[in-house]
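Asker: The chain contents come next:
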Amino acid sequence: MGPAEYTIFRDLMDTWNFWSLVVGIFTFLVMFYLIIKFREVSPDDKTPENLTPGVFPKERDNITLELTWFIVPTILVLYLTFIAWQSMISVWVDPYSEENADEAFDITIEAYQWGWNFYYHDEILIVNETGNISTFTTPMGTEITDGAMGIDGNLYLPCNQVIKAKIVTLNDGGELPVLHAPFIPEWGIKEDAVPGIDTYMAFTPKESGTYELFCAEYCGQQHSKMLAKVHVVGACGSGE
Amino acid sequence: MNKNNVRVLSLLFVIFIALAATPQMTSYPTGLGVNGNPGCTCHSGGAGTTTVTVEGMPDSFSAGESYELKVTVSNPDIPGAEISTNTGGFRIFASAGTFSAGENFTDLVQELEGGLTHTELGNDVRAWNVTWTAPDSEGQIVEFTAHGNTVNGNAVIPTDGKGNTGDAWSSFTASVPGAAALGGGGAFIEQAEPFEVAIAAITFGIALFSLMLVYVFYRNNPDGFNLNGLTVWLKKWMTTTDHKEVGTLYFVFSFLFLLIGGTFAMLFRIQLAVADNDFLTQDQYNTFFTLHGTTMIFLAAMPMIAAFANWIVPLQIGAKDLAFPRVNAMGFWMLAFSSVLLYGGVLAGEGADITWTMYAPFSSSNGIKGASAGTTLFVAGIVMLGISSTLSGVNFIATIMTMRAPGVSWMKMPLFSWSIFVANAMLYLSLPALIIGTVYLFLDRTIGTHFYDAAVGGDPILWAHLFWYFGHPEVYVVIVPAFGVVSEVLATSAKRSIFGYRSMVYAMAGIGVLGFIVWGHHMLTSGMDPTLRLVMMLTTMLVAIPTGVKIFNWLATLWGGSLVFKTHTLWALGFLVTFTMGGISGMFFPVAGLDVHFHDTYFVVAHFHYVFVGGTIFGMFSAIYYWYPKATGRKLDEKLGLLHFIITFIAMNGTFWPMHQLGIEGMPRRYHTYSVDSWTELNTFITISALIMGAAQLILTWNLIRSYKHGEEVGNDPWGGWSLEWTTPSPPPTPSFHEIPTQGDANVHELEESAGGLFSRMWKGAESK
Chain Z
6 MGPAEYTIFR DLMDTWNFWS LVVGIFTFLV MFYLIIKFRE VSPDDKTPEN
56 LTPGVFPKER DNITLELTWF IVPTILVLYL TFIAWQSMIS VWVDPYSEEN
106 ADEAFDITIE AYQWGWNFYY HDEILIVNET GNISTFTTPM GTEITDGAMG
156 IDGNLYLPCN QVIKAKIVTL NDGGELPVLH APFIPEWGIK EDAVPGIDTY
206 MAFTPKESGT YELFCAEYCG QQHSKMLAKV HVVGACGSGE
Chain Y
63 MNKNNVRVLS LLFVIFIALA ATPQMTSYPT GLGVNGNPGC TCHSGGAGTT
113 TVTVEGMPDS FSAGESYELK VTVSNPDIPG AEISTNTGGF RIFASAGTFS
163 AGENFTDLVQ ELEGGLTHTE LGNDVRAWNV TWTAPDSEGQ IVEFTAHGNT
213 VNGNAVIPTD GKGNTGDAWS SFTASVPGAA ALGGGGAFIE QAEPFEVAIA
263 AITFGIALFS LMLVYVFYRN NPDGFNLNGL TVWLKKWMTT TDHKEVGTLY
313 FVFSFLFLLI GGTFAMLFRI QLAVADNDFL TQDQYNTFFT LHGTTMIFLA
363 AMPMIAAFAN WIVPLQIGAK DLAFPRVNAM GFWMLAFSSV LLYGGVLAGE
413 GADITWTMYA PFSSSNGIKG ASAGTTLFVA GIVMLGISST LSGVNFIATI
463 MTMRAPGVSW MKMPLFSWSI FVANAMLYLS LPALIIGTVY LFLDRTIGTH
513 FYDAAVGGDP ILWAHLFWYF GHPEVYVVIV PAFGVVSEVL ATSAKRSIFG
563 YRSMVYAMAG IGVLGFIVWG HHMLTSGMDP TLRLVMMLTT MLVAIPTGVK
613 IFNWLATLWG GSLVFKTHTL WALGFLVTFT MGGISGMFFP VAGLDVHFHD
663 TYFVVAHFHY VFVGGTIFGM FSAIYYWYPK ATGRKLDEKL GLLHFIITFI
713 AMNGTFWPMH QLGIEGMPRR YHTYSVDSWT ELNTFITISA LIMGAAQLIL
763 TWNLIRSYKH GEEVGNDPWG GWSLEWTTPS PPPTPSFHEI PTQGDANVHE
813 LEESAGGLFS RMWKGAESK
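First to last, the protein sequences are chains Z and Y. For the working numbering, add 5 to where a residue sits in the first sequence, where the first one is 1. For the working numbering, add 62 to where a residue sits in the second sequence, where the first one is 1.
If you're looking for bench data, these hints aren't it; they were derived computationally from the structure. For clarity, every value in this text was computed on a predicted model and none was experimentally measured. The beta-carbon is built from N, C-alpha and C at its ideal position, and this holds for glycine as well. Heads up, a few of these hints could be off.
[What the hints assert, rightly or not] Example chain Z residues on the side facing chain Y (calculated, C-beta under 10 Å, incomplete): (1) E10; (2) Y11; (3) T12; (4) W90; (5) T209; (6) S213.
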């Protein structure tokens, strides 16, 4: 499981794993070298400071060394920040730009205690096994109830199309609508459903299949039962 | 503090408790306050002579099976048959399972908010058949509630506007256990109710603790062993203001709660060991992990830090006591009583289930789908905790700023005292946000304000901002003192002075400042403005820089030293390994493309346990082994210590390392069960490791108790440390110094600074006053 190979998550994860290993291995090598090299050999070992109770010991520092391990991590952090910034644009800015607005497949995810309603505002293009193409029109703003597609409270999505999901909450019998968060590990994406405001998330499925949808924001007793399946049913592989 | 102030404070305290205990009242956006459930109970007249009965209740239920129930409302004073229409109504709901209308009753009964009520037509009868379908899990107890009213047809509306004069209502409640909850049912293995296990463990722990107190009293003075002597002795502990004794109280308190919090963790780890487990019910699971988090942070880690701060800081800076000893004692007792409030709900079977982050609006909701009733007490307990921490925070800041002995200037102060200063300054500046947030929450829950209710203009994200404005500094509040401990321990163990003392202080202060502007990285997916997300991303990344400086300074401290491997050294080295790993995994979160996946998955759980357990707890364990001889005059057993370290270190990595993988695979946190079979293997491994880690703490417990009487006796300075606490006898006398000591200085100063104004005197310490 985990996010698919084509997601931005995988690229970033590779970069971050690489630098984590570099930093971690370097730190631990230095540490083990120092521990072994400078261990106590005999209890009479003397060190330059000769610590005495009640006396502030002779200070030692080395401005060059300290500047080194101030500046080198700073450069690494700035480099990583630059990459992180780019990812922020591709996650939170690009999908909502004007040129993507027409192509996007719009859905609304409505979260309640404890379950999901999915509403569709576009049509899904389906290619079946024999290569026939059929169009399934989803009436705007209403739930799909066509049994032929096995619509069963689960989410059906087309392939190779930007999915733009509006996330809202519904008060279903509880005293207040509460926070939820649709979370689809396959595309490494989630966003809170917040009472009173509309939130959005966007992602692009590129492989057909069935994936899990979880609620990631704690929402009460049946939080762990707030599940759904996501079926990617459209044409895949051939591009648009 | 004079007696009058004490009186005023105790009065406020009583009012506070009384507020916490006021009846729950929910409020609707219309502004109407409604007690209980609208529809049935709105018919005034109280219970009157009306009785509600539900026939057909099973003794226990089987999963998925349907039961036919008959709800009857009767009242001998109001004969229903004589009134043609609108003779009565009912409402039934349960904590689990689903309701539907009984056979031939579909016209008379309708669904309402997860339960059933009558239709308009159904108003004309006094008995309704309904069907209840049991939930899929048998390992739980289902609570049923039925309200019913009888109507006399009198059209006179009373002054309170509720129903008609002479109407009366009543309720029926029942608990039906699942077959598995009964034990021995069907395919389920007979098991003890984990909830009872937890309560029994707490009771047993308190009993054991009381016995231990009596035993310690006996060993202290075998001749004066009588009830009178015991009360005198207890009174001495309950009224003490000596910083060392309050420190001991903090320590015993925190250690007790460390074990209780660990027990909760082990119980819910058993629940998570395999897919679709039903060891705990959902409510128990939610309560247990809520209490685990809150206990570990507020009742274990912070009091443990307070214990060492109390014990060591005055000794290190050469002060006779803290600046405000009575405020210090008050802080401790506020904490002790707040723990009663936090746990009050559990003992009633309605423990808070709102997670340690207490996210509104869930935490401000009542009712079937809302937070459990114990939440109100819990929130009151958090407010009290906040007061307690504020008191102790202001105390340490005042002590360190004004009571340093001659020679202990700011830049000659031991790093542990520095860390306590930075931590308490952060705590003191961030707590107001938490206290305001929790008071709003308390008001939302009790008197029906709408601070977090979006439907009437409240703001759910407000809570997250207030909480994390406190919450992120808070995680540095618990890690920075561990930095201080590790700085002391590594320098002493390597027999060298700390490398780059000044850059250590600046790094710590830098973390303290940065800690206040990074809270938004907890909320990157919360619907916050993307521009703000960007700012928080940048600042969060920056925290890595001072942290890196500290780690490399610690490594450089080892250079040219002669490192001894005492138990406290091992813990400090273990800290370096695990904290570095936790620090690195922290760098994954401020990245948008990673955080939208990792947020609220087990990757987060792995990260913060690496920094809490591998950082704070390892640091505090190091402090226990390091300063135990100072406090008691005897060393802890080094062999048991080694065993404790090795088992805990390995089991800790075994518990939390696999969680990274689970997080990458997308397992959400706070899940009672999971249905993905491929996660079972790692989860089983984690559970076994967690149980081993929990068991290993018994070694430490035994070591602490045994060494108190049988440990190797030590002199003033068993480890070769330099700071002022090592100049006092072990254990130190009361007051800690008869004469204020002067700290020497091995450095040659080229320039003597001239005595200047207030700022310069503050900067240089008491010597120039």
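Asker: Now, for every hint given, state plainly whether the structure supports it.
Answerer: So, going through the hints one by one against the coordinates:
no. : hint : result
1   : E10  : violated (13 Å)
2   : Y11  : violated (13 Å)
3   : T12  : holds (8 Å)
4   : W90  : holds (7 Å)
5   : T209 : violated (13 Å)
6   : S213 : violated (19 Å)
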